[in-house]
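A.B. asks: Residues per chain are reported as follows:
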Amino acid sequence: MSIAVSEKHEISLEIYKFFADYIYNHSGMTYLEKDYYRLETRLRSLVKLFELKSVNEVFDLYQGSVTPDMHAVLINISTNNETYFFRDIVPFKILTEYLIPNIQETKAVGTINVWSAAASTGQEIYSILMSLSEKYPDLLSKMTFEASDISCEALDKAKLGLYNGLDVQRGLPIAQLMKYFEQLSDENWQVKQEFTRKVNFFKFNLLKEEYPKAKYDIIYCRNVLIYQDMPNKQLIVNKLYASMKPGGYLVLGNGESFIGLETKLKRETFNNLTVYRREP
Amino acid sequence: MKVLIVDDSKAIFLMVSQMLEESGHTGVWAEDGQKAFEYLSGNNDIDVILLDWNMPNMNGPEFLEKNLTESFTETPVIMMTTENKPANIKKALSLGAVEYIMKPFTNDILNGKFELVDGLA
Numbered sequence: 001m002s003i004a005v006s007e008k009h010e011i012s013l014e015i016y017k018f019f020a021d022y023i024y025n026h027s028g029m030t031y032l033e034k035d036y037y038r039l040e041t042r043l044r045s046l047v048k049l050f051e052l053k054s055v056n057e058v059f060d061l062y063q064g065s066v067t068p069d070m071h072a073v074l075i076n077i078s079t080n081n082e083t084y085f086f087r088d089i090v091p092f093k094i095l096t097e098y099l100i101p102n103i104q105e106t107k108a109v110g111t112i113n114v115w116s117a118a119a120s121t122g123q124e125i126y127s128i129l130m131s132l133s134e135k136y137p138d139l140l141s142k143m144t145f146e147a148s149d150i151s152c153e154a155l156d157k158a159k160l161g162l163y164n165g166l167d168v169q170r171g172l173p174i175a176q177l178m179k180y181f182e183q184l185s186d187e188n189w190q191v192k193q194e195f196t197r198k199v200n201f202f203k204f205n206l207l208k209e210e211y212p213k214a215k216y217d218i219i220y221c222r223n224v225l226i227y228q229d230m231p232n233k234q235l236i237v238n239k240l241y242a243s244m245k246p247g248g249y250l251v252l253g254n255g256e257s258f259i260g261l262e263t264k265l266k267r268e269t270f271n272n273l274t275v276y277r278r279e280p
Numbered sequence: 001m002k003v004l005i006v007d008d009s010k011a012i013f014l015m016v017s018q019m020l021e022e023s024g025h026t027g028v029w030a031e032d033g034q035k036a037f038e039y040l041s042g043n044n045d046i047d048v049i050l051l052d053w054n055m056p057n058m059n060g061p062e063f064l065e066k067n068l069t070e071s072f073t074e075t076p077v078i079m080m081t082t083e084n085k086p087a088n089i090k091k092a093l094s095l096g097a098v099e100y101i102m103k104p105f106t107n108d109i110l111n112g113k114f115e116l117v118d119g120l121a
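The listed protein sequences correspond, in order, to chains E and U.
Going by the UniProt record's numbering, the first sequence runs without a break in its numbering and finishes at 280.
Going by the UniProt record's numbering, the second sequence runs without a break in its numbering and finishes at 121.
There's no promise every hint is true.
What follows is a list of derived Cβ distance ranges for each label pair [claimed, not checked]:
1) U:54 with E:213: 55 to 61 Å
2) E:279 with U:44: 25 to 31 Å
3) U:44 with E:246: 56 to 62 Å
4) E:151 with U:94: 54 to 60 Å
5) E:202 with U:86: 30 to 36 Å
6) U:90 with E:267: 55 to 61 Å
Quick list of in silico lysine-lysine cross-link-like pairs, DSSO-like style, CA-CA up to 27 Å [unchecked claim]:
7) E:192 with E:135
8) E:48 with U:91
9) U:90 with E:135
10) E:157 with U:85
11) U:91 with E:192
12) U:85 with E:192
13) E:93 with U:35
14) E:179 with E:215
15) E:48 with U:35
16) E:179 with U:2
Some chain E residues well away from chain U (every beta-carbon gap over 12 Å; in silico) [to be verified]:
17) 48
18) 85
19) 97
20) 111
21) 221
22) 228
23) 268
The set of hints was computed from the structure by calculation and includes no laboratory data.
Note that the Cβ used here is the ideal one computed from N, Cα and C, for glycine as well.
Bound-form chain E, shown alone (with noise of 0.2 Å):
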């Protein structure tokens, strides 16, 4: 049986399901066979970048010896992925330079309380942490980090803090790899336990469950309410905001905002980026 993409050039389900399974044991990257035409377009960019004449020859190639240039490119054509240590960057400059110093002036002692409220596979709680330990490194005892998803699998990976070569290049600094993460195997990295260990992981569902009281000082909750209706996103800022310490502040994503709710969160803002805090 095949798939026919044109009338002269069919590929074989042999082939789409070879390449899909090298493709996911190698990147975690799902090709099921409803989806193999988004493959065909890989395949056939394949045989142009090895100057071949048809699939079945590229087929041929990587049932061969496959050189370490060989995987890459297979790999690099085959992938996509949104997760993203820094992402954005000034979520996590405005960390250190605004929130930390505001929150220092204003509390006298005490611990600061920080919540990635939806850390998915734990990029931002792990970006977090390497930011206040460029900058705060004597900071980190005293302060508790909880990191909290509604998806168990991706809470998992966050925990470990295992990740593959992809993620590790998405936002993250060589140096910083080499410092903060430890090399497990040729395709994957995992964030070091002092990392790991300071992070408390929850499954968290933020319309639906009970929130902590006037608990946390720093909450990054990005790129949740864009997904929501307006009474979700009303009853998720009521709970994000009595949740937080009075001079405690909230991230949203960028793009994310307040238009149309009620709050008694006030708007400031650091180098364009717009964060909520909660009055002292």
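Starting from the known structure of chain E, fit chain U onto it as the hints suggest.
C.D. replies: Frame of chain E; chain U shown alone:
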């Protein structure tokens, strides 16, 4: 931006060129460190160098060492290689590479690395 792609694999050169073109940049090919050195000796139009590790004639580290002693170019060098052991990464950085791309990578990683290098973003 004009990018010198120093790699003995033509498939890699073609793929990276295509990635660069999608972002409005241009790729120039040098098959090894020696060819890259020759190109840079006669041309002053490269904004950044993407340098493979394993190549015939002059490999990536040899190219960096030659530049350390002769200072023939001030153009920033980003390693782009399958060599991903921390010891190798540290070696390349100590020899003057400013960033490091581990193969395989994607277009967003390539552009992200450019953003991390001063003066390229």
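A.B. asks: Look at each hint and say if it fits the structure.
C.D. replies: Here is what the structure says about each hint:
{"no.": "1", "hint": "U:54 with E:213: 55 to 61 Å", "in the structure": "59 Å, holds"}
{"no.": "2", "hint": "E:279 with U:44: 25 to 31 Å", "in the structure": "57 Å, violated"}
{"no.": "3", "hint": "U:44 with E:246: 56 to 62 Å", "in the structure": "59 Å, holds"}
{"no.": "4", "hint": "E:151 with U:94: 54 to 60 Å", "in the structure": "40 Å, violated"}
{"no.": "5", "hint": "E:202 with U:86: 30 to 36 Å", "in the structure": "32 Å, holds"}
{"no.": "6", "hint": "U:90 with E:267: 55 to 61 Å", "in the structure": "44 Å, violated"}
{"no.": "7", "hint": "E:192 with E:135", "in the structure": "18 Å, holds"}
{"no.": "8", "hint": "E:48 with U:91", "in the structure": "34 Å, violated"}
{"no.": "9", "hint": "U:90 with E:135", "in the structure": "23 Å, holds"}
{"no.": "10", "hint": "E:157 with U:85", "in the structure": "22 Å, holds"}
{"no.": "11", "hint": "U:91 with E:192", "in the structure": "21 Å, holds"}
{"no.": "12", "hint": "U:85 with E:192", "in the structure": "16 Å, holds"}
{"no.": "13", "hint": "E:93 with U:35", "in the structure": "41 Å, violated"}
{"no.": "14", "hint": "E:179 with E:215", "in the structure": "31 Å, violated"}
{"no.": "15", "hint": "E:48 with U:35", "in the structure": "24 Å, holds"}
{"no.": "16", "hint": "E:179 with U:2", "in the structure": "31 Å, violated"}
{"no.": "17", "hint": "48", "in the structure": "7 Å, violated"}
{"no.": "18", "hint": "85", "in the structure": "10 Å, violated"}
{"no.": "19", "hint": "97", "in the structure": "18 Å, holds"}
{"no.": "20", "hint": "111", "in the structure": "33 Å, holds"}
{"no.": "21", "hint": "221", "in the structure": "24 Å, holds"}
{"no.": "22", "hint": "228", "in the structure": "26 Å, holds"}
{"no.": "23", "hint": "268", "in the structure": "26 Å, holds"}
In this structure, the hints that do not hold are numbers 2, 4, 6, 8, 13, 14, 16, 17, 18, in rising order.
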